[in-house]
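First to last, the protein sequences are chains A, B, C and D. Just so we're aligned: the first sequence equals residues 1 to 401 in my numbering. Just so we're aligned: the second sequence equals residues 402 to 802 in my numbering. Just so we're aligned: the third sequence equals residues 803 to 1203 in my numbering. Just so we're aligned: the fourth sequence equals residues 1204 to 1604 in my numbering.
Since the hints were derived computationally from the structure, they do not count as laboratory data. Among the clues, some could well be false.
[As the list claims (entries may be wrong)] Here are the simulated DSS-like cross-link-like pairs (lysine-lysine), alpha carbons at most 25 Å apart as the crow flies:
#	chain 1	residue 1	chain 2	residue 2
1	B	Lys627	B	Lys446
2	C	Lys1044	D	Lys1547
3	D	Lys1259	C	Lys1142
4	B	Lys745	A	Lys226
5	B	Lys741	A	Lys239
6	A	Lys217	A	Lys242
7	B	Lys530	A	Lys328
8	D	Lys1581	A	Lys378
9	B	Lys779	C	Lys1180
10	B	Lys779	B	Lys729
11	B	Lys729	A	Lys45
12	C	Lys963	C	Lys854
13	C	Lys1180	B	Lys772
14	B	Lys627	A	Lys239
15	B	Lys745	B	Lys696
16	C	Lys847	D	Lys1442
17	C	Lys1041	D	Lys1547
18	D	Lys1361	D	Lys1259
19	B	Lys779	C	Lys1025
20	B	Lys745	A	Lys242
21	A	Lys378	A	Lys340
22	B	Lys643	A	Lys344
23	A	Lys52	A	Lys217
[Stated by the list, open to error] Derived CB-CB ranges, DEER-like:
#	chain 1	residue 1	chain 2	residue 2	range
24	B	Lys627	A	Ala131	53 to 61 Å
25	D	Ile1604	C	Asn1047	18 to 26 Å
26	C	Asp935	D	Gly1447	28 to 36 Å
27	C	Ala1200	B	Glu517	52 to 60 Å
28	A	Ala276	B	Thr460	53 to 61 Å
29	A	Leu48	B	Asn674	39 to 47 Å
30	B	Asn510	A	Asp165	54 to 62 Å
31	D	Phe1443	A	Gly270	49 to 57 Å
32	B	Glu669	D	Leu1446	26 to 34 Å
33	A	Leu48	C	Glu1123	51 to 59 Å
Please read these numbers as outputs of a predicted model, since none were measured by experiment. By construction, the Cβ of each residue, glycine as well, lies at the ideal position given by its N, Cα and C atoms.
Number of protein chains: 4
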Amino acid sequence: MDYFYGPGRNHLFVPGPVNIPDQVIRAMNRNNEDYRSPAIPALTKTLLEDVKKIFKTTTGTPFLIPTTGTGAWESALTNTLSPGDRTISFLIGQFSLLWIDQQQRLGFNVDIVESEWGQGANLDILASKLAADTAHTIKAVCIVHNETATGVTNNLAKVRKILDDYRHPALFLVDGVSSICALDFRMDEWGIDVALTGSQKALSLPTGMGIVCASPKALEASKTAKSFRVFFDWNDYLKFYKLGNYWPYTPSIHLLYGLRAALDLIFEEGLDNVIARHNRLATGTRLAVEAWGLKNCTQKEEWFSDTVTAIVVPPYMDSSEIVRRGWKRYNLSLGLGLNKVAGKVFRIGHLGNLNELQLLGCLAGVEMVLKDVGYPIKLGSGVGAASAYFQNNTPLIASRI
Amino acid sequence: MDYFYGPGRNHLFVPGPVNIPDQVIRAMNRNNEDYRSPAIPALTKTLLEDVKKIFKTTTGTPFLIPTTGTGAWESALTNTLSPGDRTISFLIGQFSLLWIDQQQRLGFNVDIVESEWGQGANLDILASKLAADTAHTIKAVCIVHNETATGVTNNLAKVRKILDDYRHPALFLVDGVSSICALDFRMDEWGIDVALTGSQKALSLPTGMGIVCASPKALEASKTAKSFRVFFDWNDYLKFYKLGNYWPYTPSIHLLYGLRAALDLIFEEGLDNVIARHNRLATGTRLAVEAWGLKNCTQKEEWFSDTVTAIVVPPYMDSSEIVRRGWKRYNLSLGLGLNKVAGKVFRIGHLGNLNELQLLGCLAGVEMVLKDVGYPIKLGSGVGAASAYFQNNTPLIASRI
Amino acid sequence: MDYFYGPGRNHLFVPGPVNIPDQVIRAMNRNNEDYRSPAIPALTKTLLEDVKKIFKTTTGTPFLIPTTGTGAWESALTNTLSPGDRTISFLIGQFSLLWIDQQQRLGFNVDIVESEWGQGANLDILASKLAADTAHTIKAVCIVHNETATGVTNNLAKVRKILDDYRHPALFLVDGVSSICALDFRMDEWGIDVALTGSQKALSLPTGMGIVCASPKALEASKTAKSFRVFFDWNDYLKFYKLGNYWPYTPSIHLLYGLRAALDLIFEEGLDNVIARHNRLATGTRLAVEAWGLKNCTQKEEWFSDTVTAIVVPPYMDSSEIVRRGWKRYNLSLGLGLNKVAGKVFRIGHLGNLNELQLLGCLAGVEMVLKDVGYPIKLGSGVGAASAYFQNNTPLIASRI
Amino acid sequence: MDYFYGPGRNHLFVPGPVNIPDQVIRAMNRNNEDYRSPAIPALTKTLLEDVKKIFKTTTGTPFLIPTTGTGAWESALTNTLSPGDRTISFLIGQFSLLWIDQQQRLGFNVDIVESEWGQGANLDILASKLAADTAHTIKAVCIVHNETATGVTNNLAKVRKILDDYRHPALFLVDGVSSICALDFRMDEWGIDVALTGSQKALSLPTGMGIVCASPKALEASKTAKSFRVFFDWNDYLKFYKLGNYWPYTPSIHLLYGLRAALDLIFEEGLDNVIARHNRLATGTRLAVEAWGLKNCTQKEEWFSDTVTAIVVPPYMDSSEIVRRGWKRYNLSLGLGLNKVAGKVFRIGHLGNLNELQLLGCLAGVEMVLKDVGYPIKLGSGVGAASAYFQNNTPLIASRI
C-alpha cells in the first residue's frame, strides 16, 4: 500500500500539500457520519465562525467547498462576474497564469498585466488602467497574493490603496492559496471582496476543501452575476445557512473534523505567532540560499515570500535533477520549477505546521543534493547561516515555559 | 472533538455517506505527499485501470475529480452539452429533481418526464419523445439509476433498448451515485455515455471524490461542447494523462490511497458477490418492512432498490420523529424523507461495506423506534423475517471456509 | 495485512478483548514520545488520580503495569505474600482455576474452596475456615469478582462482612478483570486490599496494561513480603512516584493516551450510568436466552453476571461449532466454553463500550447460528424479548436530549 | 489530549522509545479482535517464524511477551536459573546496573565485573574467572550487548570465544534491547542461549512487547530451573505453541499487527541494509561530535555504539540543561545522562526507522542548544561533517532507482 518505500520519514517540502500535524491526522481518523444529524451542523457552525479569523474578517461570509484551489478560483469568479466582464489580472508565474487561463475560458475579458517571472504584480500599470477607466468597465481586479511558482508576495494593501485612490468600484478578488494562515492577511482592512485558500496549504490539511470568503459587496454582486454555476453557487449554501443545516450537498466529514483540529492548533499557537514563525523559517531559508551562493528567484526583497522560496540554479545545471535526486537518495520532496522556470529553479516550501529542525533537515538535504549534482557547496554553510538566525530568534515553545 | 457523544458505535444507515471499512480508514491514516513525485502517478495509474471494472467498461475513460456527486453531475453535463441543448430528464424524486434543477441552471432546455414519487422513470414517454424527435433535437437522455430519495431503481438496459429502437443518437448520461458498486451496472453493455458516482456511497470512502466515466462518444462530444468549464474540464485531465502525471491540479492523496484500499476489498470479495450481498441485505430489509405491516415507498417490485429502502409511515405519524428518535435514543442514523415525502417516509440505507448482523442491529433499532413513537409493532418481527432470509441465503465468508 | 477478510464489521462479543471506541483508537494513533519529558509525567499524574475513581477508592495506590491480567495477578500476590503463605481461593471456573494454579506455582499454600462450575464462591466454607483460623494462618482471601468462564459474579460485600465478622486480618485480594468499570465495585467500602483489572476488558482498550490498586494495608504488607519480584515490584514504582517521573521502566505511551481517552468517555457518560448500561444489556441478553429456551450456565440469579453470559447448549450439540459457525458465516466472535464446560457452553461478552443495537445485532446472529446448527429456534424471539426490555428501559443519550 | 503542544513535529532522539514508521502506526490503527479466532494464530505463526531472522537464529525459540525490556530480562533469568545460582555480570552503565540489581533481587549470586562507565565489559576478567571455575559453579554469563547509558557495544563474538576456549558450559544470556535489529547480531553463530529485545527500540514499535529468544540449551535449562515464574514462564507458551493457538493469555493484537508491519519494512529494506544504515547514521553523529570539539563518552573506537552516542559536556556545563532546552525551544527530545553520568553526558539515539535528514535536523538542533547554553560552537560545523560523510556514503533508495 506504499509506493517506493524508503526508511525514515519523507521530508515534505513542496509548497503544498504540506505536512499534516499528528493532531489533525488523528481527528480525521474516523468513520463517516450522517451530515443531517445535529452533530455536523453544530460542528460546522463553529468552523464558519472560526474560519473568519484566519481571513481577519468579521463581515465576510465563508464557504467551505469540497473542491481544490482551482475550484475555489472558479467559485470566486462565477459568483461575482458575468461572461464578457472585464477583469485585470497579473501574470507573474504559473499559478497566476492558470488563473488567467481560467478567467478566459469562463468567458471573461481579461486585461493581463504581465511581469517578468520573479517580479511582483506591476501596480503602476494597475493604477494607470484604473485611472483611465472612468467608465468603470473593469469589474474586478484579480490578484494572486503569493505566487507559489516564483515565491513572490504581492502587496495587497497597496492594491486597495490604488483602488481607493481612484475610487474605483471594481471587485478585489484575491487568491490566498499559499498565503492565508501563513502571511499577514487582512480581508476587512484591505477591503478584499473575495479571498480564498485551499485546505492542503498553510492550514496543513489534506487536499479537498476550498475555503472562500466573500465580502458583503461580493455577495451583493452574486445576485446579478450571470455566469452559469451550480456546484459552486454561493446561493445554495446561503439557503442552507439560513435553514441551519449548512450543506446543500454532502461535505467531507473528515475535512470538517480536520479543519476543527487545524484551527484549534492555530489558535493555540496564536495566528500572529504562526505568521511570525513563517517569517522566521523563510528568513532562515533565504540566509541559507545566500550562504550557498545561489540566487533567489524573487527579484526584490519587498516581494520575498515567507511560504516558499524559489532558488535559481546556475545555467549549467538542471533544477529538475535536484528534485529527482532529493527524492531518490534522501527521501526529500522539493518543488519543481514550473513552465518558464522549469529546469531553472527548484523550490522549498516552508509553510504550514513546521518547525526549525524540520526545515534545517531539509536545508542539510538540499546541500547534499547540490553537491551530488556538482555544485561547489560547502556542506553545513546554509544550515549554519539559518541556524544562526534561528538560534537568535526562536522563542521558547509557549506551552513549555 | 466529538459532538453529542453516546456510548458504543453509531449505527450509520443513511444512504450515504456510509460506513468506511477499517482497512480503508487505515489506508488514509497518513501524511500528505508530493503529488508530483513518481509515487502518486504510479498509484493513480492502477486506480484508473481498476476503477473501470466497477463501471464494467473497457472503453470508458475515468476521471477522479476532487468534488461530490453534484460536481460529478456538473462534469458530466458541461463536458458533453452546450447551453440551449435539449435534454430529457426524469423527475421521480429529490435527487432527480436536483439534477434537473442543475441542468436548467446550466442553461439546458430540459424536457422533464415526471412520475409520482415512488415510481420509476416513465420509459413509455421516453419512447414516444424519441420517436417524435426525428430531427434529433434531443442531445441527451439523463437518468438517475437509483433515486436515493424513494428507493427506486430505473431499468437502464431498457433505456438503451429504446434509444436503439429509435436509432437515436442522444447521449445516455447516468447518475449512478447510489448504484455503482452495489447494483448491477454495465456501462459498455448498456451503451452508457457518461456514468458517475461519489466516493461516499457504495465505494465506502469519505466524501470528496466524484468518479466520472466517459465513453468514446462522450469524449468526442466534449470536443465541441460549449458549456463553460475549467475545474470540471475533462480536457485538462486528458492532457495530464498523456504526460503521465495525471493531475491538472492537486488531488486528495488520502482519497487516492483510500480508493486503492476500497477497490482491493471489492475485488477480494468479488464485484458480483458485492452486488449479490446488496440484493440479499435489501431483500431482508423489505421482508422486515412487510413484517412490520408498513409500505415500501417504491410502488412496484421491478423498481425495488437494493441500496436504500424508503418506508412509508401511517398518515398519523411523522417520519422525521422516527429519525430524530433513533439518533437520540439508540445512536441510529436513518435517512429523512425529503421534499414531497418529508414526514411521510424514512429511509434505511443498506449500501456499502456492510453485513447481515449490522443490518439486523439496525432493523431491531427501527422496531424499537417505531414502538417509541406509537406504532403497534411486534418487536422482533422484522428482524425474524429478515433473519429467516439471511439464514437461508448467506454464504460462508469465502476466506474462512 | 488482514487475515480472513469478510465484508462489514467484525461483531466482537468475546468477553475481552472488547470493542475499542473510535475516540480511544484516535487517541492512540500516534508516534512514540520520550517518557522522561515533562509531558508523560503530567499525563500520568492525571491518570493515577482518575483511575482511582473506577475502583471507587480514595485511599488506594494505583499501578499501571505494562502487562496483562495474568501479570496483574502476579503483581498482587508477589507484593503482598511470601512463599509458604496460606491463601484461601475459590475454584469456580477457568479463570479462578488459573489464578489458583499461579498461586501454587508461586509457592503459596492454597486452600481451595471448590464449587460446581456455574455456581458462585461458597462463602459458608469461607466463614467456617476463617472461624477455625484463630491463629490467623490464612494470609489472604483471593477471589475472582466475576468468573469470565461461567458468567458468575461473586458477592464481595459479603466476603468483607465475613472477614469482619471474624475480625480476621487476612488480606482481601480481588481479581476484577471482567468486572471493574462494568459492575458495581467499591474498593474502599468493601475493604479490598488489592484490586486489579486489565486494559482490554471494560476499559475498552487494547491489551497490555494491568491496572492494580493497593490499599494502605497492602502497601504495608509489601514491605515484608518475601516473594521474589522485580518487574512487578510496587516499590520500584513508588520510588519513581516520589521523584515525580512515575516510571521505573518504559511505559506504553499509547496505552497512557488511550487510558486518558477511555477514562474521559467513562466520566462523560458517568461511571454509574456505565454500570447501569451493563446491567441493562445483560438483562436483555438473559431475556433472549430465556426466549430461546436455553439455560444460563449461572445457576442462581444472585450470581448473574452483567458482563458475560455463558449459555448452556443441549447435550446433543457442540457449543464450539456455534462459535466456529458464527465466525465463518456472520463475522460474529463469540466466546468458547473453556475446560470443564468446553463444548457445553458458549459465551456472549457484553462489556465495555457497547450499546443496545450492537448487542441486538449479536443476538440476531446467535439466533441464526443456532438455527444453522439445528437448534429449533424461532428467529427473532430473543431479539424481540431483549428489545422489549430495552425499549422500556434505555434512557435517551444524555448529550442529545 | 496533547500535553505541551509545539508547532511542527517532535524530533525524537532518545535511544528509545523511537520513531514509529507511518506504516506501523497504520497497521495498529484498529479495533480489538478475538485472539482465539483462527486469524490471530495465523498471524502469530508468521511472526514467530520471521522474528527469528532478526536474531539470526534458526534453532532458537522466540517468545513475544506482553512486557517491557525489564520483563524480558526477568523472563530470561527465571526460566534458566535457580535462586542461588552464580552468574557473571558486567557493570558498565545504568542498564547493566539495573539488570544486575534484578539478578540480585531474584536471588542469584552475582559475580560483578565492573568497568569505568564509558568502557566495555572487561573480558579479560571474564576469561580468568572462567579459567578458575573448573567446578562450573558459574551458571550464566549475563551481558548487555549495547549499554544504552554510555553508548558502549560489547564484543559478543569474543565472549563466545572465551567460553569456548575454556569449554565452559555456562549459559550465555544477552540483553540486546538497544542492539537487535540495528547492530550485527548473530544468535546461532555466537552461541547465545537467551537473547532479548523490546518492541520500542530498533523494531520501532510502541512499548509493550518483550521479545525473547531461547536456544535449545536454554529450553533444556528451563526444565530444571527452580526460580518461581508464571507470567514469564516459557513452558506455558510452549504448551500453547503445541496446541497451535499460541497464547497462554491475551496478547496485544495491536502489537502483533504492528510487529508484522515492522518486520515487513525491515525485510523490504533488508536486515543487513538496516544494520549498515545504523552504522552510517552513527558515523555521521560521531563526526559531528568531533567537529563540535566534544568528547564521546565511549572511550575506545572498538566499543562505539551504532545506536546511541553519549556526548560528554565540558565540566562547567550541565548536560541536563541541554536536554531541557532542546525540548523547550526546539521540540527536540534528547537522552539525559543517567546516574553516574547524570549532568555529564547527553545522548543522541540514532536507532530505528530513521534517515539522514531526520538525523541532520537533530544535529542542527543540538548545535543551537549548545550555543544556547554557552558552548562556543560554530553553527553548521557538525552538520557539515556528518553531511560530508552521508553525501559520500548514502545509497540511493532501493525502490526508487
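Broken hints, by number: 1, 3, 4, 7, 14, 16, 19, 21, 24, 25, 26, 27 and 30
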